[in-house]
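Line by line, the protein sequences give chains Y and R.
Each residue of the first sequence is one higher than the one before, starting from 57 at the first, in this note's numbering.
Each residue of the second sequence is one higher than the one before, starting from 1133 at the first, in this note's numbering.
In case anyone wonders, no lab produced these hints; they're calculated from the structure.
The reader is advised that the hints may include incorrect statements.
Which bits of chain Y does chain R cover? Going by a derived footprint, with three or more residues having C-beta under 8 angstroms, they are [stated by the list, open to error]:
#1 133-144
#2 147-154
#3 260-268
DSS-like, lysine-lysine: derived pairs with alpha carbons at most 25 angstroms apart [said to hold, decoys possible]:
#4 Y:LYS157 / R:LYS1242
#5 Y:LYS265 / R:LYS1345
#6 Y:LYS265 / R:LYS1196
#7 R:LYS1346 / Y:LYS265
#8 R:LYS1267 / Y:LYS74
#9 R:LYS1149 / R:LYS1348
#10 Y:LYS157 / R:LYS1196
#11 Y:LYS67 / R:LYS1242
#12 R:LYS1267 / Y:LYS67
#13 R:LYS1348 / Y:LYS265
So, partial list: chain Y residues that the calculated Cβ filter (under 8 angstroms) puts toward chain R [as the list claims (entries may be wrong)]:
#14 GLN60
#15 ALA61
#16 LEU64
#17 LYS67
#18 ASN68
#19 ARG71
#20 ARG72
#21 GLN271
#22 ALA278
Backbone N, C-alpha and C define an ideal beta-carbon position, used for all residues, glycine too.
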Amino acid sequence: MKYQAEILLIKNYLRRIKGTIRHTWQGLIGVAAVGGVLLYQFFFVIAKAGYGTGATERGVFYTLLLVAAVNSFRVFLNQTPVFRIEAASVLHTYNTGYFRKSLFRRQLFSVLASVLISGIIACVMSGFLFTANFLMRWLVLTLYISVCSFLSWIFYHANGKIRGGVCAAYSLCTFLLFWRSVLSVAGSALCLCAVWMYAQRILRLNIPKYFERLQHLEAASAAISQNDFARMQQLAEENRSAYVRGPMLYHLHPTKKSALWIKSLLELIRMQRQPIVLLALLLLFGWIVSRTNLFTFMPMLDDPAITRVISAFCTATTFSGLYQLLIKQAKTVSDKRKLGLSLPFTIKQIIVSYGMTAMVFSLLLSLAISLLYTAFSICLIPLLLAEAIAYFVPCCTKLYETRFQRGATIFSNMLLCVSVFWFLML
Amino acid sequence: MYARLRRKELKMDFEVKQVFYSYGDILALDGISFSANRGQIVGLVGENGAGKSTIIKNIYRYLKPDSGTIMLDGKDIFSYPSDAYPISYIPDVPVFYEELSLLEHLHFTKAVYPRGVVSIGEIMERLDLKEHQNKIPAALSRGTRQKLMIAMALLREYELLIADEPFSGLDPKQIAVLKALLLEQKEKGKIVLLSSHLLDVTENICDQYIVIKKGKCLLSGSKQDLLSATQLPEGSTMEAVYLKLVEQDEISS
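The following block holds chain R by itself, in its conformation from the complex (with noise of 0.2 angstroms):
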């Protein structure tokens, strides 16, 4: 029982496995592997083209890999009902309903999502939404209209949240509301997983990072790992060992 347990203890809550995937003839993922545990929020980073958004379409099941898997608590994704699919997504661009206010979103996500555990009130009050609550989409400002998009994937029931640029658009008052609120998800037991352009933003509250470079997994790990592969000192900003990297991997190559 106790060689069970460790094991058990070992196993990650989320793991991409050599997932490989292609546009036709163009590589997107060339055998990606990593994984996470709950509890963590853990930051994609890579440059554009990277494969960021196709490994997240990969995640979300828009795409289906070539090869490869991806587990979620032991389980494959691909497995999951379609009623009790565990997985909630922030996309980078607002898509929403033209003549929808935007209350009437939020109750469209809860009829949808009905074993969510997040009320309507309680999200529009975190995220200061009621005041617009009779507007329609075209009415709002580039920032609400991000914050309905992070309402509506809250408002579902999940393990893990996808943020694909959650904080574009956003004030700084907003992205700190949007970080105290992606660390509240963290301290739920929640996976978080955090794809930014904006290094210094998610610096503070990122367990891990995974550096995506041409479809692959350049480097993964803590900030404090990524410190110490890339030999900077103490103290330095994610975004002087971002440019580290992808210069050792360049001379490398």
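One chain only, chain Y, in its complex shape (with noise of 0.2 angstroms):
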């Protein structure tokens, strides 16, 4: 059978979707639900403006560097590849022609899709009309997006030299593109022959780090589709990086009494980033929604007192999500000495321990909050004394293992959002 490969690779492809149907549908559904809401949004604001109301000056400025932020971290900051094949195409048919077709066919799906999301961007921007200046626009989004997919391949391939040359070529693809000129569509169609021509024809693929990738990728995938968050857990700590970074517990000179504290410390600055960068964007979230007026055009959020529930929402789940990394890291202590490693530390001395941290990390972020609402004052005192209620009750039950743990946590979260809602009312 002449395409027998390609139906196998369909199949499993097929089969894959299903398995994550079966095992993930309760998330899907909230997936979609939220989907769904987001699209409301959208179709409101486009309703509200008008049909022939195109973006003004200033929001095509925004709206184009918004797209050209994020090509800047697809291309410079991914880690994960653009043109993603599966990692067994890629040990069982890397020197056939096989995988170059493979290969071939994700890019031009990558191109595709950037036609699809171009032509959206190009449709808000013009208002729904489909002028010469849409047509324009939607040549140039196009143009930039495939140049920055390619540029990211060849990035995330390359090294030293070469990556220069992308840096320069990224650079003159997005002065191209807030250039509005019928010469930046030539200069851009001329960087996109010759990125592609560079990608097909000259680069030299990394396959072993692509092809670690791909498995690890789809390792974690399949975790997902599955539900199976240990394995989840696993992948995580197996994709961090193996070398430690910053000072080392023997650097410190720890003693038995702040041996514990220190270790805290240690692993809340080494702890993978993601995390942190999540939990920092939703205190920004917060503070965007309710302080600046960049939402106010979206139903709801122009509605002060909905706001301020929302950034307190946002500030008090910042909170309860540090608080749950630092107690989950008492807890693996607490588990380990449980376990049988002998270990000189009663839990009360780990709670305490581990208490400082969190209590030193609330302070500065108490204190970040106070001046980025401008709320600093006496106040600053009992939200302090609520955070450490909010920490500790908790961080007791689940290391003491009570039958409370459930109810600490509720507990604390409601105590959490009314503190921090009182002290931004305020």
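With the hints in hand, could you dock these two chains into one complex?
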């Protein structure tokens, strides 16, 4: 059969989707609901603006800036290759024409996706009027996103001087994106041809790196599709850097009294960046919603009473997330002790030591919030007190393994929400 | 004409000449050279991090040498077109399509490499895979997964077979079957490059050994040559030879 290999790969793909739906259908319903709400907001904004009302000059500039920012992340910071095929295909078909064809198909899909995404952005920018202006924006955006995909691919596989070349090419393309001229279309098209030719003909793929990453991604997606949290955690651990950065425990000369406290501090410094970045983004989102006009065009987000609740919720969730991370670390030490590791610390000492780190970070975060919301006052003291209760109550119930763990977590979250809301209201 | 024939006789079928490769600042292959002829099984021996996997990746074109050449039948391996690359590979870690059955994997390989002479039925028979044909990889034992990797590699058309730790996870009966399969390849005039830590298992089938240390070929030759070089008595095991070689090298360096 001529296309047997392709048919088998489609079968593999469909069966994987079936497995994902079977194991995570509840989560998918949630995602669909969130998607529905966002789509509703999107259509509401368009309907409010009216058919034929294009974005203002400022709006266009900010949109292009956002597109450039997202693509700079894709090119320079994204650790995942943009064109992905199955790891097994790399292993079993690498030295064949089939491998090149599979990769080419992925590149083609990526360009088609760029056409679609650019079409939507250009439509919104031109107020759904299909004029020459719309066509030019669509073309420039399509070319820009496609060039960035190939630049990301080259940046992923290359190193040294070639990466410098990618930086230069990215700067040129971004300049062409903002330069409103027919020449920018021609320039972007030339750029696309050049990077495509380079990626196809000259670029030497770093196959071991690519293969290893694909294996990791597939293992992660298999774990997610089967709701296997233990495997997900294991993969996250395996994906950590092999070398630790920053100060070592012995550099800080720990004594028996300070050892646990220093350990908790180092754990927090060395932990993966993603949860910290997510919490920081959440905090920032809360501030933007309540203190700027950026989202006031959206339904409900123009009402200060609602935005205050949202910002309090975001801030409280940041605290709660930080506490969860610290409590988890303390619990790991306590569990090791229970499993027989000869640690010369009682549970009380573990709670106090980790609690000290939590309180230091709590104080810093509270000071940052009071500066951000210009709410610096004596009321910070009751807030800190509430934070201490919100940390120690669930921490004690978890480490002593009492029956009230769930209740303590709910109480802690509610206390955080109420106290932060009260503090911000003042 | 006689002179030309003699020159041809001296020419080796597979040659690795002065290959250098570095991962950034770390030199992984330091001018490694070795050669092999058709109908030979060559054992790649060395400690962890010696450069065995790196040379395998270079031969399988996953990596390109910084300098040096790798020739097969007098032709640089990088000049072979993709559709006629004559090297097959059994990897040390099995990688599969999670949702395809064992039989579907074999059909996939056959579809990608239609010129392979071995049939699916034949290879399944030889490796005792029939009873597992409808199972997905997750439902297979480690040994059966390894056998599937071997089956997929043997289904292709090739002149050189690279086997990276092919015995791991196999029981004694399966090891015997694989040994017989490798010897069959040798009889067919193929070159087999066998990388394994199990020196006692490879002892009876390898025609020559390449001992690698720190990216260099420490010594190469038949077991007899290695015995003479290490001055060990006749009948010493390959393990003893290897340990002696490493010891000699450490003393001399």
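These are the hints, each one checked on the structure:
A stretch counts as covered by a chain when three or more of its residues have a beta carbon under 8 angstroms from one of that chain; for the stretch 133-144 of chain Y and chain R the count is 3, and the coverage holds. A stretch counts as covered by a chain when three or more of its residues have a beta carbon under 8 angstroms from one of that chain; for the stretch 147-154 of chain Y and chain R the count is 8, and the coverage holds. Counting residues of the stretch 260-268 of chain Y whose beta carbon lies closer than 8 angstroms to any beta carbon of chain R gives 4, which reaches the threshold of three, so the coverage claim holds. Under the criterion of a C-alpha separation no larger than 25 angstroms, the hint pairing LYS157 of chain Y with LYS1242 of chain R is consistent with the structure, at around 17 angstroms.
For the given pair, LYS265 of chain Y sits about 24 angstroms from LYS1345 of chain R by alpha-carbon distance, which is consistent with the 25 angstroms threshold. Distance check on the hinted pair: LYS265 of chain Y and LYS1196 of chain R sit about 14 angstroms apart at the alpha-carbon level, within 25 angstroms; holds. Taken as a hint, the LYS1346 of chain R and LYS265 of chain Y pair is honoured in the structure, with Cα atoms around 22 angstroms apart against an allowance of 25 angstroms. Pair hint LYS1267 of chain R plus LYS74 of chain Y holds up; C-alpha atoms about 17 angstroms apart against a cutoff of 25 angstroms.
As the CA atoms of LYS1149 of chain R and LYS1348 of chain R are separated by approximately 11 angstroms, the hinted pair is consistent with the 25 angstroms bound. Of the supplied pair hints, the one linking LYS157 of chain Y and LYS1196 of chain R holds, its CA atoms being roughly 21 angstroms apart against a limit of 25 angstroms. Restraint check for LYS67 of chain Y and LYS1242 of chain R: satisfied, since their Cα atoms lie roughly 17 angstroms apart, inside the 25 angstroms limit. Distance hint between LYS1267 of chain R and LYS67 of chain Y is fulfilled; the C-alpha atoms sit about 15 angstroms from each other, no more than 25 angstroms.
Only pairs whose Cα atoms come within 25 angstroms are accepted, and LYS1348 of chain R paired with LYS265 of chain Y is accepted, the gap being roughly 24 angstroms. For GLN60 of chain Y, the interface hint holds, since its Cβ comes within 8 angstroms of a Cβ in chain R; the closest pair sits about 4 angstroms apart. Interface restraint check: ALA61 of chain Y against chain R, minimum CB-CB distance 4 angstroms, threshold 8 angstroms, status holds. At its closest, the beta carbon of LEU64 of chain Y sits 5 angstroms from a beta carbon of chain R; the interface hint therefore holds under the 8 angstroms criterion.
The interface hint given for LYS67 of chain Y is met, as the beta carbon of that residue sits about 7 angstroms from the closest beta carbon of chain R, less than 8 angstroms. A cut of 8 angstroms between beta carbons decides the hint on ASN68 of chain Y: the least distance to chain R is about 5 angstroms, and the hint holds. The beta carbon of ARG71 of chain Y is positioned within 8 angstroms of a beta carbon in chain R (closest approach about 4 angstroms), and the interface hint is therefore held. Hint on ARG72 of chain Y holds. Least Cβ distance to chain R is approximately 5 angstroms, under the 8 angstroms limit.
At its closest, the beta carbon of GLN271 of chain Y sits 7 angstroms from a beta carbon of chain R; the interface hint therefore holds under the 8 angstroms criterion. Taking 8 angstroms as the C-beta contact cut-off toward chain R, the hint placing ALA278 of chain Y at the interface holds, the least distance being around 6 angstroms.
In terms of the numbered hints stated before, the structure departs from none.
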